[in-house]
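Modelling step: build the complete structure from the supplied sequences, incorporating the hints.
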Amino acid sequence: MTSAEAKLVCRNVWKLFGPGAAELLAQHNGHPGADAIAEAGLVGAVRQVDLDVNEGEIFVIMGLSGSGKSTLVRLMSRLIEPSGGDVLFKGENLLKASQARMIEIRRHQMGMVFQHFALLPHLTVLDNVAFPLDIQGMARAPREARAREMIELVGLAGKEGAFPRQLSGGQQQRVGIARSLAVEPEIWFLDEPFSALDPLIRREMQDEFMRLQTVLHKTIVFITHDFDEAIRLADRIAIMKDGEIVQAGTPEEIVLTPATSYVAEFTRNVARAKVIRAQSLMVADTTPDPDGPSVSARSNIAQAAPLFLDGVAHIAVTDDATGAVIGRLDREAVVSLMLQG
Amino acid sequence: MATPRPPALDATGFQAPSQGLKLPYAWIVAVTAFVVLWLYGEPIAKSAFDYPKAYTVPLAKWISAAMKWLLNDASFGLFSFTELTRFISAVLDVPYTIAASLLSTGVLEGSGSSAIQILPPLSWVAVIGLAMLLGHWLGGMRLALLAGGCFLFLAVFGQWSSAMITLASILVAAPLGVGLGLLFGVAAWRWRWLERAITPILDLMQTIPVFAYLVPVLFLFGFGPTAAVIATLIFATPPMTRIAILALRAVPGEITDLGHMVGCTDRQMTWRVMVPAARESLMVGMNQVIMLSLNMVIIASMIGAGGLGFDVLAALRRLDFGAGLEAGFAIVALAIALDRLSQAAADKLSMPSPEPRTQSAFARHPYLVAGAALVIGTTLLGFVVPGIHTYPETLELSTGTFWSEVVAWINVNYFDTLEAIKNAMLLNVLIPFKRLLGSLPWFGVTAFLAFAGYRLGGIRLALLTAALSLFIAATGQWEKAMITVYLCGISAVLASLIGVPIGIVAATRDRLWSWVQVAIDTLQTLPSFVYLMPAVMLFRVGDFTAMIAVVAFAVAPAIRYTALGIRRVDPRLIEAGRAMGCTEWQILTRIRLKLALPEIMLGLNQTIMFALSMLVITALVGTRDLGQEVYIALTKADTGRGLVAGLSIAAIAIIADRLISAGAIHAKRRLGLE
Chain L
1 MTSAEAKLVC RNVWKLFGPG AAELLAQHNG HPGADAIAEA GLVGAVRQVD
51 LDVNEGEIFV IMGLSGSGKS TLVRLMSRLI EPSGGDVLFK GENLLKASQA
101 RMIEIRRHQM GMVFQHFALL PHLTVLDNVA FPLDIQGMAR APREARAREM
151 IELVGLAGKE GAFPRQLSGG QQQRVGIARS LAVEPEIWFL DEPFSALDPL
201 IRREMQDEFM RLQTVLHKTI VFITHDFDEA IRLADRIAIM KDGEIVQAGT
251 PEEIVLTPAT SYVAEFTRNV ARAKVIRAQS LMVADTTPDP DGPSVSARSN
301 IAQAAPLFLD GVAHIAVTDD ATGAVIGRLD REAVVSLMLQ G
Chain X
1 MATPRPPALD ATGFQAPSQG LKLPYAWIVA VTAFVVLWLY GEPIAKSAFD
51 YPKAYTVPLA KWISAAMKWL LNDASFGLFS FTELTRFISA VLDVPYTIAA
101 SLLSTGVLEG SGSSAIQILP PLSWVAVIGL AMLLGHWLGG MRLALLAGGC
151 FLFLAVFGQW SSAMITLASI LVAAPLGVGL GLLFGVAAWR WRWLERAITP
201 ILDLMQTIPV FAYLVPVLFL FGFGPTAAVI ATLIFATPPM TRIAILALRA
251 VPGEITDLGH MVGCTDRQMT WRVMVPAARE SLMVGMNQVI MLSLNMVIIA
301 SMIGAGGLGF DVLAALRRLD FGAGLEAGFA IVALAIALDR LSQAAADKLS
351 MPSPEPRTQS AFARHPYLVA GAALVIGTTL LGFVVPGIHT YPETLELSTG
401 TFWSEVVAWI NVNYFDTLEA IKNAMLLNVL IPFKRLLGSL PWFGVTAFLA
451 FAGYRLGGIR LALLTAALSL FIAATGQWEK AMITVYLCGI SAVLASLIGV
501 PIGIVAATRD RLWSWVQVAI DTLQTLPSFV YLMPAVMLFR VGDFTAMIAV
551 VAFAVAPAIR YTALGIRRVD PRLIEAGRAM GCTEWQILTR IRLKLALPEI
601 MLGLNQTIMF ALSMLVITAL VGTRDLGQEV YIALTKADTG RGLVAGLSIA
651 AIAIIADRLI SAGAIHAKRR LGLE
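These protein sequences, in sequence, are chains L and X.
Counting in full-length UniProt numbering, the first sequence runs from 1 upward without gaps.
Counting in full-length UniProt numbering, the second sequence runs from 1 upward without gaps.
For the record, the hints were derived by calculation from the structure and aren't laboratory data.
Each hint should be verified, as a subset may be incorrect.
Sample of chain L residues at the chain X side, in silico, Cβ under 8 Å [to be verified]:
(1) 94
(2) 118
(3) 325
(4) 326
Residues of chain L clear of chain X, computed beta-carbon distances all greater than 10 Å [what the hints assert, rightly or not]:
(5) 26
(6) 51
(7) 107
(8) 170
(9) 195
(10) 215
(11) 228
(12) 260
(13) 283
(14) 312
(15) 328
By construction, the Cβ of each residue, glycine as well, lies at the ideal position given by its N, Cα and C atoms.
Given below as structure tokens:
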């Protein structure tokens, strides 16, 4: 968030469905208004999107159905051709890339997980996971070894010979995740990966996803329509409405200072303690005892609260990477935050 | 995306809700105008009744001339058109010869009567065994017994050699048809412009009667099994193409996205992602192609396919009912075996199961090993024990004389009754209706069709129906076309009168429906030829016989669509009806039938299409319509005459199809189902 460089950058990206989209954009200098779009008989699926996805972060795009979020993620990988703007991936403009170059980039640097899993029904779990490698032309032995590794990683060892239809929804999505990771992508797109699962499984998969991310440190673009999911997983969130991004920021920023009444509608029922992180509430102080109770700077207050149960007045806050004590979380501050709901 | 609706639709769309009780004024005016023209127009406007000879388009002559030119003079520079057709024949002759050697003739050295058999064909025991092995592999013991039983039937009733010739043609035509159809389908899926280009051709090819295909094939490729295979290919490829396009289009967008995301090239996308993902629907297409091939191979006996079709045809010509019926039963047995086997294959291949990879080659392919052992074993044994190689004649059963006697008995005892029924129908229904249609002015009919097209589907449909109707009149086919319409119309009405009530009764009774379903499924797998035999037996030749055969053939879709339409009515609405205290009768008439109406209309549409396709074949039993025209053209190898008559039948089919479909959409919209 601070020093990390942007992996994927969208600059004034547009997608207008209907004939004559490019002309309309040219006429209006790349910024047609909603009226002009309607007048031309076009549908503005994605409008004027600017965003940076930084190395190693989970960037969540949240929006209700029809807000353009699924279109946006497809513009980023050029599955859908943008009507205008630039998409820079590691500094390279994807919209200028040749078809062969795009194939090359997608084969080796991008991975995607789909809402309805998109598993190939005629292949076993093993062959599904190995499929992207097979497409690259990798020999059978190494690609199957790699696929087995991935299957192990997502906890499906023993299911290699099963067919997708023999698996539950959660298991199928694990296969989808393993497949998208098999190529060791530099950017990982997840298009509503857990929306088709029932709530208990969804929760379990979210935990699993966070576990994977602590191991893998991928750069992630995660699409969801579920605000709680966004809050839970995101380093940064962009909220979309009618094809535009209405607000982008960390979960804390969005919950504490919603930009519009539309955003406020989502944040109203979110418990502050689950959003605000220890590093925001702590007092900078390197004196507390590192061997006493401590939390990492990125944990939220709800996670830290149980540590106060045995009556301590404050606990230590440690840096995520180094483990060094960087601050102190006071009991009063935590209690007053929890009381606010 | 909002596309502006045509103004014509808006006008009708707004009228409907604004008036409570609305008389169809436009229709009344149109019908009145039509009747006035019909009753009083003849003295004033002669040419509205008889299409003026001077304006007749000699399309048949042009086509014939063009075909002659193709055959005699056309050249592509390096090679002539004739050389091309010979080349195609020669290429197709190779697989056919192999299949025929295996199943029927054996491997021959030399040709004609001096040929010496080097290797015998597969023994009957081997073929039955292979069918059973295939059945067991695909669908277990029951299917093995069914397949074995059907083939044993062929051997026991002395139909073996004919059946094997028919089977050889299918073994060549069906895989080629599936392959070609898939290739066209993939190409049309990849290039939109190609799909747009071939869709109308596919539509047309599905409505042109099968006989009409035979004429140019006969002209270009001559008489014989290879020409029959070509005709079968031309007939069976379009449906596969259509199914392939639909199946590929139905693959979920996410799967396509996946293909792009893992970096597939176009070729990988097609063959590694799309085709495998669509394979369940493609397998359904395979089953259809096999059944269509069987149907066509039987009909293609007219251009030398030989086999069971030829037996039926020859029996029809001799009026030897026993022999014809026996061959007919053999076709049924073959059809059932092929249908069930290919359906099981579709199920099995679209649902792969894990294979153990570690065993030896023998253990991995038990069926292949067993099959090879069977073939080698029976061939060797066949040299010692001839009965294993060729089914011993002494054990053959012939029911031919039995059936002939049954027919004779029926004719002796019930001749008067049957004759009375036939004559009563002819005199009171068929002939008056035929006269009525014959007296209609072509101009009035064309104008009325245009009007109906306009009301139901707008200006484009109006132009289409008028143009097609004009085509029939202008090529001098009007009179014969009206006979076709009369026979088809009466048969379709009768089929609906029989089929719709059966559908209604069966729809709400699950057990009955499952039986009816088996019955109509079986009826639909039977080649159309088979329907002729019993009708001819009882009523000899003529329009009435044709009608009976057509009704028997066309009743299945009427039953199916009615029952499906009723069964698909939202059960919540039925529940709501019950909650309001509707009686069963009210539920049927007020809810089920009302909401099933569009589906029933589609059933009617299918019934008409089935009737038309069968009607053409009834030319064999002496009708006087366009079908007869095609048949005569076939016997004279007159391409122009055959194609023009065939196109006219297609025109009738398209007019009926488009008008009824438009009507069904209209009805759906009114019912709020769309």
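Evaluated hints:
no.: 1; hint: 94; result: violated, 13 Å
no.: 2; hint: 118; result: holds, 4 Å
no.: 3; hint: 325; result: violated, 44 Å
no.: 4; hint: 326; result: violated, 40 Å
no.: 5; hint: 26; result: holds, 21 Å
no.: 6; hint: 51; result: holds, 20 Å
no.: 7; hint: 107; result: violated, 3 Å
no.: 8; hint: 170; result: holds, 17 Å
no.: 9; hint: 195; result: holds, 12 Å
no.: 10; hint: 215; result: holds, 22 Å
no.: 11; hint: 228; result: holds, 24 Å
no.: 12; hint: 260; result: holds, 28 Å
no.: 13; hint: 283; result: holds, 47 Å
no.: 14; hint: 312; result: holds, 50 Å
no.: 15; hint: 328; result: holds, 47 Å
The structure does not agree with the numbered hints 1, 3, 4, 7 stated previously, though it agrees with the rest.
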